[in-house]
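Please take these sequences and the hints and turn them into a complete structure.
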Amino acid sequence: MLRSQTKLFALGKRQLCRSMSKSCDLTLVEVDDKTGIATLTMNKPPVNSCNLEMMRALKDSMKQIEGNKSRGIILTSSNNKVFSSGLDLNELRNPEQERLVAFWKELQEMWLTLYLSNLPTAAAINGHALAVGCVMASACEYRVMLPGFTIGIHATKFGYVVPPFIVNSYLSVLPRPVVERALLQGKIFSTDEAQQINLIDEVANSKEEALSKCASFIGSFAEANPVARALTKRQLRAEFARTLLDEPEAELKESLEYITSPLFQDSLDAYLAKLKSKNKK
Amino acid sequence: MLRSQTKLFALGKRQLCRSMSKSCDLTLVEVDDKTGIATLTMNKPPVNSCNLEMMRALKDSMKQIEGNKSRGIILTSSNNKVFSSGLDLNELRNPEQERLVAFWKELQEMWLTLYLSNLPTAAAINGHALAVGCVMASACEYRVMLPGFTIGIHATKFGYVVPPFIVNSYLSVLPRPVVERALLQGKIFSTDEAQQINLIDEVANSKEEALSKCASFIGSFAEANPVARALTKRQLRAEFARTLLDEPEAELKESLEYITSPLFQDSLDAYLAKLKSKNKK
Amino acid sequence: MLRSQTKLFALGKRQLCRSMSKSCDLTLVEVDDKTGIATLTMNKPPVNSCNLEMMRALKDSMKQIEGNKSRGIILTSSNNKVFSSGLDLNELRNPEQERLVAFWKELQEMWLTLYLSNLPTAAAINGHALAVGCVMASACEYRVMLPGFTIGIHATKFGYVVPPFIVNSYLSVLPRPVVERALLQGKIFSTDEAQQINLIDEVANSKEEALSKCASFIGSFAEANPVARALTKRQLRAEFARTLLDEPEAELKESLEYITSPLFQDSLDAYLAKLKSKNKK
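Protein chains in written order, with my numbering: chain A, 1 to 281; chain B, 1 to 281; chain C, 1 to 281.
What the hints contain is simulated information worked out from the structure, not anything from laboratory work.
Nothing here was measured: the structure is a model prediction, and the numbers come from that model.
Hints are not guaranteed to be accurate.
[Claimed, not checked] The calculated lysine-lysine pairs, modelled on PhoX-like cross-linking and capped at a C-alpha distance of 25 angstroms, are:
no., chain 1, residue 1, chain 2, residue 2
1, B, 63, B, 105
2, B, 187, A, 213
3, C, 69, A, 187
4, C, 69, C, 187
5, A, 69, B, 274
6, B, 253, B, 81
7, B, 69, C, 274
8, A, 34, B, 274
9, B, 69, C, 34
10, B, 34, C, 274
11, C, 278, C, 187
12, A, 63, A, 34
13, A, 81, A, 187
14, A, 187, A, 280
15, A, 207, A, 34
16, C, 81, C, 253
17, C, 213, C, 63
18, C, 187, B, 213
19, A, 274, C, 34
20, A, 187, C, 276
21, A, 274, C, 69
22, B, 187, A, 69
23, B, 280, B, 187
24, B, 34, B, 81
Right under this line is the structure:
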């Protein structure tokens, strides 16, 4: 995709700025004039960890793309080693209640916006995709990954019990027995392993190739009526989004209770201490 | 299967005639005296498109076979190029309300009769199986296909949003991620592709061989108690037929609303115009 | 696993004895001091058929292991040809009502205890695993089998319609289309066939190797928080245990009605007569 073929989403960018406190750059949106495909780039240094602001930026960018008659969305990262490290664990550790509520609501809405997007969605996974990084990739319709990276939901390793909508992201891509084992082990897959179990669809040797393969996938819907496509997708996926569509407050309450429990807080502390001591060595 | 081994379903045929306006030949039923297996042949020129009368004939023939202590049903076509082209789009285009209601009810009942049949069911797919042609094959327990043909549900290509019972036919055979992508793309699979994803179970080189392989499959239930088999099948499949069993009227209403919407009518017009111009070239 | 590394579960054994009428040996529990993994051995001659007492012993042993801070459970058999032959058909043939109620409740509770165990569970299938023998293996998280044996649920062959929780054991391991066909045919798979469809995870050449592979699987959860693991497992499996968790009485009633029906009793008689005449030859 040549730069000259793309235009920066100027209006969108400005709208985005109003809704963010500090920076306009957490996400970047470019639309290819020729293909009509939007590339949504996660751009939060150092590792695209998802705090409240990042998830709001992602959600806003997706809504903006949908509103702008694009033909599809490719989700990728500006960091060439990390797609996303997952949720910002600082949001979960000893959280302030009001912030935690806002944070979790943004996660719910971001996920719904991506999972039920009217547009074809694809992830160009050009770096490690951990926890919510993997969830976002799984919520897309197609995944192309670069070799030498890892992908997976390792929540049980830091004492976290994933909520049903995250289980369902995995179930949208993988068979139930594979999902169960992967979640219980907190399994992180290499690019090769991910391809073997069809967690990813293709391997690409460069980000450019990954973007191009994602664009080809989006092109595979050329003959499909976009409205019929969107309604069919919603029908197929609504079952898996049921809790969040019908009872977001109940899911919020349950998640908050677990996150603020001593069980989880102690387990998170232990995990972070272990990571710290590993990094020192 | 030699002709001499089979007898025409004489009584059944006559019953069939009473329920049809013009012809007795939309479907043919032959029962093999030796194996007790009934072959149900779709016989509506030119391409076994499913209008109201064809679906009623199919349903009636299946009920007749079930009532006649046959050991299994093989669904096939008298046309050696087309298994079935799917619904007769004339029933859907600018439909007269009363006819549309009758048409849709017959589709619901025909599908339920096939999907929940007490008997082992197999499809000898001796030609293209498109849209409802593919749905009928998927509603059987086994599929044998001849090489060089195509099979799939391409509804999104003519702006149609398949109802849940059609999604469930696919889900009875294919994994969820494969179903989603196939339905959204309106993907038509070649015989080879269909075998790779297990949409079909076997490839046969002639219709005779296909019928023979279907008969072998039906023979695999020789040691199973037929009543226990039928009840187990119903238990497994009832979940996927739930809407049609419990709320056929609601499904009818929803389908009618969509079919008569300008959204669908315009999309269908555009599709038919495109087909016409393709055929002229 | 060397004998010297294991201790007999003395307290547990005594508790077990109180709850059983005749013998303390229906099940054996050994815990490896080093790994903390408990081996639960079925030990009811000649073929580990599951009568009321056997299922109670299995349930009690599992509860005892869970209460004793073990790190995982390996289910295996002391018989080197039969893992388990399934339910004791004497409990089903012309049953006395009170005994049948108690029997079925034990089956429900044994299954729930195993399927929803907080611990990692694995089956070292060192012999034929038929009917409920296969169900128990499928309710574990991992399966290693010795070559030359068979595994499957052949209920339709003796006229039995498996209840939903047994269907769900299979669905926890196999794709829906495979489950449907296997249950309807009453298919018994060889070790090789079972591996091809992923009904088992690995083949081992000796019981020792099977136990060791099961222990490795249980070791794969070393980095997972045990509480988060258990809660995640329960969340994933609760859907499939829903009927038994919420409405065990309804399931009991339905099962009893079917078991005591002439339809089933006649079919069971015919099956047993056939087995008898086969054995005579």
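Against the structure, the hints come out as follows:
no. : hint          : verdict
1   : 63/B - 105/B  : holds, 16 angstroms
2   : 187/B - 213/A : holds, 18 angstroms
3   : 69/C - 187/A  : holds, 24 angstroms
4   : 69/C - 187/C  : violated, 38 angstroms
5   : 69/A - 274/B  : holds, 24 angstroms
6   : 253/B - 81/B  : violated, 35 angstroms
7   : 69/B - 274/C  : holds, 24 angstroms
8   : 34/A - 274/B  : holds, 24 angstroms
9   : 69/B - 34/C   : violated, 62 angstroms
10  : 34/B - 274/C  : holds, 24 angstroms
11  : 278/C - 187/C : holds, 19 angstroms
12  : 63/A - 34/A   : holds, 21 angstroms
13  : 81/A - 187/A  : holds, 19 angstroms
14  : 187/A - 280/A : holds, 24 angstroms
15  : 207/A - 34/A  : holds, 19 angstroms
16  : 81/C - 253/C  : violated, 35 angstroms
17  : 213/C - 63/C  : holds, 23 angstroms
18  : 187/C - 213/B : holds, 18 angstroms
19  : 274/A - 34/C  : holds, 24 angstroms
20  : 187/A - 276/C : violated, 50 angstroms
21  : 274/A - 69/C  : holds, 24 angstroms
22  : 187/B - 69/A  : holds, 24 angstroms
23  : 280/B - 187/B : holds, 24 angstroms
24  : 34/B - 81/B   : violated, 29 angstroms
Hint violations for this structure: numbers 4, 6, 9, 16, 20 and 24, all remaining hints satisfied.
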